[in-house]
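Line by line, the protein sequences are chains H, P, C and L. For the first sequence, the numbering used here gives the first residue as 21, with consecutive numbering after it. For the second sequence, the numbering used here gives the first residue as 21, with consecutive numbering after it. For the third sequence, the numbering used here gives the first residue as 21, with consecutive numbering after it. For the fourth sequence, the numbering used here gives the first residue as 21, with consecutive numbering after it.
Hints were generated in silico from the structure; no laboratory data involved. Don't take each hint at face value.
If several chains are the same, the list does not tell them apart, and a pair holds so long as it fits within one copy or across any two.
Stated by the list, open to error - SDA-like mimics (lysine to any residue), calculated; alpha carbons at most 25 Å apart, straight line: (1) 124 <-> 155; (2) 147 <-> 111; (3) 147 <-> 89; (4) 140 <-> 99; (5) 124 <-> 145; (6) 143 <-> 88.
4 protein chains.
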Amino acid sequence: MDNFIDHRVRVRYAETDQMGIVYHSNYLIWMEIGRVEYCRAQGILYRDMEAQEGILLMVAEANCRYASPALFDEEVVIRTRIGDATPRLVRFDYEMKSCSDSRKLASGFTKHVFCNRERKATKLPEKYRSAFGIGA
Amino acid sequence: MDNFIDHRVRVRYAETDQMGIVYHSNYLIWMEIGRVEYCRAQGILYRDMEAQEGILLMVAEANCRYASPALFDEEVVIRTRIGDATPRLVRFDYEMKSCSDSRKLASGFTKHVFCNRERKATKLPEKYRSAFGIGA
Amino acid sequence: MDNFIDHRVRVRYAETDQMGIVYHSNYLIWMEIGRVEYCRAQGILYRDMEAQEGILLMVAEANCRYASPALFDEEVVIRTRIGDATPRLVRFDYEMKSCSDSRKLASGFTKHVFCNRERKATKLPEKYRSAFGIGA
Amino acid sequence: MDNFIDHRVRVRYAETDQMGIVYHSNYLIWMEIGRVEYCRAQGILYRDMEAQEGILLMVAEANCRYASPALFDEEVVIRTRIGDATPRLVRFDYEMKSCSDSRKLASGFTKHVFCNRERKATKLPEKYRSAFGIGA
């Protein structure tokens, strides 16, 4: 589908665990950063979509496959794109790589249901659809 | 002042860092658990105070002194009491110890301002005051 | 396969996000608690397996499907069982439910590779195999 | 004493809580980022100091005073400087401000003991002292 949007984060000490690597749940937080930045690159502020329009992207499923552990202070590139989208649902796909040696760290996806402030399923307003790659 | 209320937590793998010990910011989360359980022991549900009455305990200051590192899978007792309270402010004091060997892990305090849903300073409603040790 | 081991946790304030529900990556931390408690129920201390035997359960994949949001202060039961295991790999399956109303919160799995202290793939020592349901 | 080193972070959704603001323990993680970047600005890689020299900065005390809540997607500048340092101990001071409107978010400090790999108190090696502002 469409192209990846790249965004870099640096591994925090707080994100490591006693195995000496990034604790695995943090990759889901990186994915969240990836999709916020994906939206920003499309001209949408996720915070405005939520605060002003009352549109929430409730997470319906998250998946991550871990290829190589990320280490403290490493720069990681989060690559995000939309895998599939309808006015009801969107799936983001992610790849995470080390910036220093390009080794693949992880890949995964998240599936979301567009919801209103009461967390009930709703349709994405028209004005946001093109940003999510949803055709006319 | 009044007595400590004790509550136990077990150290999660996610709470450790690459030093092999609990990452220090997690003690503030344990303190939060301590004050929720302190309230419960006084017959107050913190969630109801917030959801039904719109009373928030905004954190104004947090302090923690670390004595001995907590380790993965250790049981930790969080001891919580009210250090000071007025209808406007409350300070909780905490001590954290290992359950296995009673060594002191940390001690600290948090200061809070009672706020309403708009996060503006307010007075604690009368009905909650005795639970916080606020006299007539 | 074998039976679920149940373990309860109470939702921490720190685990919520501004949507007013538990942030989705925390379910992976609950799964980690589930498998540590699964091991304990089988007579194995995960911390000893790691510290004394140098056996790490590196996460190769994690998946979570979210059914209903968990709320602050709710008690959640984490149900954990082994879905599949060989001397090289293990998959844990999880179900998470609210204790108060039994509604299903989430389900998922994690796949792990047994590794040594150098984080290289290894075989699970014989003495642990029965606990993981690995036959002779 | 010496000058502040500035570093920016953007508030993550995961860092918010159901009050709609950044959960207070996350400021301690931002302080950690601040001191890692402080070291980098002095030409020291914290990760190398730890991995190669076996020097750990164990946290002995942390303090944070909260002035105004940080919000999702806000850019925050973390200002870090050394408040005091000897070959045994160092105190970092921090100020956190919003980048958009310069309002003060929080201020605080952390005190650290230089430790070796066994987490025993040690002296900071000579070669690192000038970076921490420790005179001859």
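*How do residue 143 and residue 88 come out at 25 Å by Cα distance, when the copy is not named: within, between, both, or neither?*
between (38 Å within a copy, 19 Å between copies)
_Cα distance capped at 25 Å. Does residue 140 pair with residue 99 within a copy, between copies, both, or neither?_
neither (29 Å within a copy, 27 Å between copies)
*Please work out whether the CA atoms of residue 124 and residue 145 approach to 25 Å or closer within one copy, between two copies, in both situations, or in neither?*
neither (36 Å within a copy, 30 Å between copies)
*asked:* As a check of your reading, is residue 147 near residue 111 (CA-CA no more than 25 Å) within one copy, between copies, both or neither?
replied: Only inside one copy: residue 147 and residue 111 sit 19 Å apart there, 43 Å across copies, limit 25 Å.
*Measure nothing new, just compare the shortest in-copy and cross-copy C-alpha distances for residue 124 and residue 155 to 25 Å and report within, between, both or neither.*
Neither. Shortest intra-copy (32 Å) and inter-copy (35 Å) distances fail the 25 Å Cα cut-off.
*Tell me, please, which holds for residue 147 and residue 89 at an alpha-carbon limit of 25 Å: within, between, both or neither?*
Neither, since 40 Å and 28 Å both go past 25 Å.
The structure fails to meet hints 1, 3, 4, 5 from the earlier list, while all remaining hints are met.
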